[in-house]
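Start from chain A and add chains B and C according to the hints.
Chain by chain, the residues run as shown.
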Amino acid sequence: MITFLWRCLCLVWLLIVFMRDLVVSSVQVARAVLSPGYAAKPRLVTIPLTVESDAGITMVANLITLTPGTLTVDVSADRKTLLVHDLLAGDSSEATREGVRQGIEPRVLRVTGR
Amino acid sequence: MVALDLVSMLLVVFLVVFKLVSGVDAYMYVAIGLALIAFLATVAFANFIDRAEGTDDD
Amino acid sequence: MTETLANALLLVGSFFCLVAGIGVVRLNDVFSRMHAATKAGTLGLALICIAIMLLADTWLHLAEAVFVFLFMIASAPVGAHLIGRAAFHNYQPMDPKTQADPESEPFRHPVRLPDSSLPTSELVAEPSHKSPDDPDNG
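As they're listed, the protein sequences go chains A, B and C. Residue numbering for the first sequence follows our numbering, beginning at 32 and increasing consecutively. Residue numbering for the second sequence follows our numbering, beginning at 2 and increasing consecutively. Residue numbering for the third sequence follows our numbering, beginning at 2 and increasing consecutively.
Keep in mind that the hints are not guaranteed to be accurate.
[What the hints assert, rightly or not] Across the chosen pairs, the derived CB separations fall in these ranges:
#1 D122/A x I23/C: 33 to 43 Å
#2 D96/C x W37/A: 42 to 52 Å
#3 Q133/A x D58/C: 43 to 53 Å
#4 D122/A x V25/B: 52 to 62 Å
#5 A27/B x G134/A: 39 to 49 Å
#6 A27/B x W60/C: 39 to 49 Å
#7 L36/A x V31/B: 33 to 43 Å
#8 G34/B x D122/A: 23 to 33 Å
What the hints contain is simulated information worked out from the structure, not anything from laboratory work. Where is the CB? At the ideal position from N, CA and C, for every residue including glycine.
Looking at chain A on its own, in the form it has when it is part of the complex:
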């Protein structure tokens, strides 16, 4: 019972953070679209997953799509890797990878448990 309540609390927190991320990402996209010299360097990044359950992977993929700069393209057949398109990545994929591993995944793990 306590764990269930705790998970609901985590879910609410996840939704709040998600709305903030959505606003930030939309403002970024708006800036990229409306600035006259459009010079973003997109990049395809692979991200190894630690979440295992179906619900967890779905939530991570949806959150990635609506958070700054990134968009989920595909999940590998063995469900261990995510392919992500980053609009404003530049030359390195490490920043994107770390952002997902430390920002999104722990929050989803606290909700789904696995």
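The following block gives chains B and C in isolation, referenced to the frame of chain A:
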């Protein structure tokens, strides 16, 4: 494809705002229905294109 | 007060919808366009729905706005994911500035797991119903 997705989303937005302007409740029901159906259209199209992989190269 | 706030939200929301439209015209490959359409479009719809919720006079009207909001928020990322997948598998042209991780190449050719529930006969050249290896297509 992307444009189709966006057009359906903008149509929902338009219906919602038009309900506000005209005050006819039925527009809101249309918007709810369209919000569901638009998603199904996107899924069907994407699956169809993905299935045609290899036979068709554009 | 509430009306002023709702009007401001309507204006900002329609601005983001406009940005989504301009983005689809202006960006130059499928994936970048999907960034514009999904994120800016979703935020525009969310803001407009919140404005409708603020202006609602009965509980029914409020619930309707919440429903529209929930359906679109839940379905927009999944739709974008499916379009991106189909485009990627079919070698859609990408922005020449795009760089890719070397590990992304195997994603072009998804491994079709053999469907053990079908009889393996020569007449069935290819299983014609849904493919067994997409874990989350809606």
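Consistency of the hints with the structure:
Take D122/A and I23/C: their Cβ atoms lie about 27 Å apart, and the range 33 to 43 Å is violated. For the pair D96/C and W37/A, the supplied restraint of 42 to 52 Å holds, since their beta-carbon distance comes to about 44 Å. The given range of 43 to 53 Å is respected by Q133/A and D58/C, whose C-beta atoms sit roughly 45 Å from each other. The hinted window of 52 to 62 Å between D122/A and V25/B holds, with their beta carbons roughly 54 Å apart.
One distance hint, 39 to 49 Å for the beta-carbon pair A27/B and G134/A, holds here, with the actual separation near 43 Å. In this structure the hint that A27/B and W60/C lie 39 to 49 Å apart at CB is violated, the actual value being about 18 Å. One distance hint, 33 to 43 Å for the beta-carbon pair L36/A and V31/B, holds here, with the actual separation near 39 Å. Checking the proposed 23 to 33 Å range against G34/B and D122/A shows it is violated: the Cβ atoms sit about 46 Å from each other.
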